[in-house]
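Sequences listed follow chains A and B, in order. Numbered by our numbering, the letters in the first sequence go through residues 1 to 374 in order. Numbered by our numbering, the letters in the second sequence go through residues 1 to 374 in order.
Just to be clear, a hint being listed does not mean it is correct.
A pair holds if it fits inside one copy or across any two, identical chains being indistinguishable in the list.
[Claimed, not checked] Calculated lysine-lysine pairs in the BS3-like style (CA-CA distance at most 27 Å, straight line):
id: 1; residue 1: 180; residue 2: 116
id: 2; residue 1: 35; residue 2: 121
id: 3; residue 1: 116; residue 2: 15
id: 4; residue 1: 121; residue 2: 213
id: 5; residue 1: 256; residue 2: 66
If you are wondering where the hints come from, they were derived from the structure by calculation, not from laboratory data.
Number of protein chains: 2
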Amino acid sequence: MPDEYKVDAYSVEGKVDYEDAVKKFGISLIDDALKARIKNDAGDVHFMIRRGLYFAHRDMNLLLDKYEKGEKFYVYTGIAPSGGMTVAHLVHFIMAQWLQEKFGADVMIQIPDEEKFLAKKNTNLTLGSTHELAYKDALDIAALGFNPDKTKIFLNTEYASVLYKQAVRVSKYLTFSIIKDAFGFGNDTNIGTIFYTSMQAVPAFLKSVEAGKNVPCLVPLGLDQDVHFRVARNAIDKLGYYKPAIMHSTFIPSLKGGPKMSASDPDNAIYLDDSPETVEKKVNRAITGQQSTAELQKRLGGDPDKCAVCQYNKYLFEPDDKKLAKIIEGERRGTMRIGEHKKDLAAKINKFLAEHRKEKDRIRDSMDSFMLRA
Amino acid sequence: MPDEYKVDAYSVEGKVDYEDAVKKFGISLIDDALKARIKNDAGDVHFMIRRGLYFAHRDMNLLLDKYEKGEKFYVYTGIAPSGGMTVAHLVHFIMAQWLQEKFGADVMIQIPDEEKFLAKKNTNLTLGSTHELAYKDALDIAALGFNPDKTKIFLNTEYASVLYKQAVRVSKYLTFSIIKDAFGFGNDTNIGTIFYTSMQAVPAFLKSVEAGKNVPCLVPLGLDQDVHFRVARNAIDKLGYYKPAIMHSTFIPSLKGGPKMSASDPDNAIYLDDSPETVEKKVNRAITGQQSTAELQKRLGGDPDKCAVCQYNKYLFEPDDKKLAKIIEGERRGTMRIGEHKKDLAAKINKFLAEHRKEKDRIRDSMDSFMLRA
Numbered sequence: 001m002p003d004e005y006k007v008d009a010y011s012v013e014g015k016v017d018y019e020d021a022v023k024k025f026g027i028s029l030i031d032d033a034l035k036a037r038i039k040n041d042a043g044d045v046h047f048m049i050r051r052g053l054y055f056a057h058r059d060m061n062l063l064l065d066k067y068e069k070g071e072k073f074y075v076y077t078g079i080a081p082s083g084g085m086t087v088a089h090l091v092h093f094i095m096a097q098w099l100q101e102k103f104g105a106d107v108m109i110q111i112p113d114e115e116k117f118l119a120k121k122n123t124n125l126t127l128g129s130t131h132e133l134a135y136k137d138a139l140d141i142a143a144l145g146f147n148p149d150k151t152k153i154f155l156n157t158e159y160a161s162v163l164y165k166q167a168v169r170v171s172k173y174l175t176f177s178i179i180k181d182a183f184g185f186g187n188d189t190n191i192g193t194i195f196y197t198s199m200q201a202v203p204a205f206l207k208s209v210e211a212g213k214n215v216p217c218l219v220p221l222g223l224d225q226d227v228h229f230r231v232a233r234n235a236i237d238k239l240g241y242y243k244p245a246i247m248h249s250t251f252i253p254s255l256k257g258g259p260k261m262s263a264s265d266p267d268n269a270i271y272l273d274d275s276p277e278t279v280e281k282k283v284n285r286a287i288t289g290q291q292s293t294a295e296l297q298k299r300l301g302g303d304p305d306k307c308a309v310c311q312y313n314k315y316l317f318e319p320d321d322k323k324l325a326k327i328i329e330g331e332r333r334g335t336m337r338i339g340e341h342k343k344d345l346a347a348k349i350n351k352f353l354a355e356h357r358k359e360k361d362r363i364r365d366s367m368d369s370f371m372l373r374a
Numbered sequence: 001m002p003d004e005y006k007v008d009a010y011s012v013e014g015k016v017d018y019e020d021a022v023k024k025f026g027i028s029l030i031d032d033a034l035k036a037r038i039k040n041d042a043g044d045v046h047f048m049i050r051r052g053l054y055f056a057h058r059d060m061n062l063l064l065d066k067y068e069k070g071e072k073f074y075v076y077t078g079i080a081p082s083g084g085m086t087v088a089h090l091v092h093f094i095m096a097q098w099l100q101e102k103f104g105a106d107v108m109i110q111i112p113d114e115e116k117f118l119a120k121k122n123t124n125l126t127l128g129s130t131h132e133l134a135y136k137d138a139l140d141i142a143a144l145g146f147n148p149d150k151t152k153i154f155l156n157t158e159y160a161s162v163l164y165k166q167a168v169r170v171s172k173y174l175t176f177s178i179i180k181d182a183f184g185f186g187n188d189t190n191i192g193t194i195f196y197t198s199m200q201a202v203p204a205f206l207k208s209v210e211a212g213k214n215v216p217c218l219v220p221l222g223l224d225q226d227v228h229f230r231v232a233r234n235a236i237d238k239l240g241y242y243k244p245a246i247m248h249s250t251f252i253p254s255l256k257g258g259p260k261m262s263a264s265d266p267d268n269a270i271y272l273d274d275s276p277e278t279v280e281k282k283v284n285r286a287i288t289g290q291q292s293t294a295e296l297q298k299r300l301g302g303d304p305d306k307c308a309v310c311q312y313n314k315y316l317f318e319p320d321d322k323k324l325a326k327i328i329e330g331e332r333r334g335t336m337r338i339g340e341h342k343k344d345l346a347a348k349i350n351k352f353l354a355e356h357r358k359e360k361d362r363i364r365d366s367m368d369s370f371m372l373r374a
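If we strip away everything but chain A, and leave its shape as in the complex, we get (with noise of 0.2 Å):
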């Protein structure tokens, strides 16, 4: 029997059975099979993949199907702004650019500024201050290195032109029942948040509208929003698209435990804002793997699994197979003390930021070129 865990849209928590979550949602793992195919595609297996960071997936054979035939694929993301970007958001837009990279692959970001506003009980927040954040947040994901030219970010209430009369279209085979089951409503949710589903669905299908023909959708995204597209394929289907496939990743860990890197506690997590200084810090505080006594850690070893500094490394800032092996060798046998360990990880993620705030700054003034609006 599994732990008591939660993973909706709306939130995560307990410690995540992913194995039973695969079963209960419906999708499949992402076996060698798969993560083979992916390599003679691209040439290469990102390490999220190879890693298992991103674990399940809807019909990516499907789709793989499709571009070995010379169907190319775009790729559907986003996120909705939440008060500043954490490196853990970056990863389905690291994942995308990857894609775009290797595959060739068109990019869709989607920034729904509506979301967090009607999702939050706070009256006084306004959309004004959450379309503030979603700019922030779009120079943030542009600056990963995308290709203006295959591209588009937009926010949902500045794109809604174009957006809204899809998300109509969708929303007309899908009733009060099929979203209250899935989403756990109620008659006290608000109209807005009954709706937004529809607006989520349509970057999943845009293409295709525009097109005038069915063009495939690849979507990287957290297991917690799968359940958008477990109602949207559905009525992506009726409305005669192919239905997007998915790709499935796991969370992120906090630097002090639990399930998923959560925007709500800034000690929790690594802001793309953080100075160097506040980044060691962090990272020094982070919870390791390391025995609570010296005695035990010498006969026990570490555990790399609850290792903070580890998982960073792992699914985030060592792509390079080798010298991740080192790191969790390292912890688990004890060999690397503790705060070279933590020095180490603190030194690439300064580095991370600190190319990613020049390229930032490289394109400030030309993110117009990444913007869609209607």
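Position chain B against the provided structure of chain A, taking the given hints into account.
Below, chain B without anything else, positioned relative to chain A:
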């Protein structure tokens, strides 16, 4: 006890008991004092108000308080594209144009091209087809003499970049519970229809958003649309804007009898596209208030309230009170021959339609000056 009747946003059934509806909806009758006040402010009272086609209101006195202190109001009304407008569909636009002329009001006209698409069970209906109908309606409306500098018409799907953002703000205050009770929706209602009322609410405060200060709004509408504003007025108030004032009309009877002139039976209504011959034919077949036998007619006289010819004169085609009195007396006493009676009405309708067509031809190529897109 009133007879059974039903008036809601999606249907009108039975003979509407307007006095009962006023109590039930919590609205006020347009009384002689209010008519006198309108006459005082406008220099005139439109015969549709004078003769009780507009019979009820919300907050008209508050609106006129503001107007008399120099605060101008704007007018918002609309029509869901439904496959060809009838003369009865023109009522609110004739009123809006009159309010523009007499009060210098800006006019905003919403064509919710998604509403019918969402509400109809038929899933083959496309948004593209409602879009085309919407543009046809826009021309029919604009040709009623609106000033293009003070009149803006928009389709919801084309103006969604402005509307959706504000609809989201409204929707945050409207739970499914509120909407379910107001509209009689159930779990099988689609989520686009559930959300839709938020889109209908927006133009009632949009001028205030744009002006950065409160601008009063007056909405002429059919009694069946009041429900949208029963829920929206509270949300608009919570957002800090003036609640819109409302003017409610009864329904133009159908040519063959029945509570509302419906577009679904073509013989029941005069379409703006009807040829002079069709108009004559339809008017000839219209229900009158004559008794079933010559003997009864002589003894009791006719009943103008049951006579579609009288009603069309009263509410749409005979602005002159003296001429109208003569028509109604003629019907009541049976002194006017029914053929003459009908010929006279058909001629008036055909004169109106001919002028309307001429005006459409004149403005057809400059419709862009009326349309709002974003």
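Numbers of the earlier hints that this structure fails to satisfy, in rising order: 2 and 5
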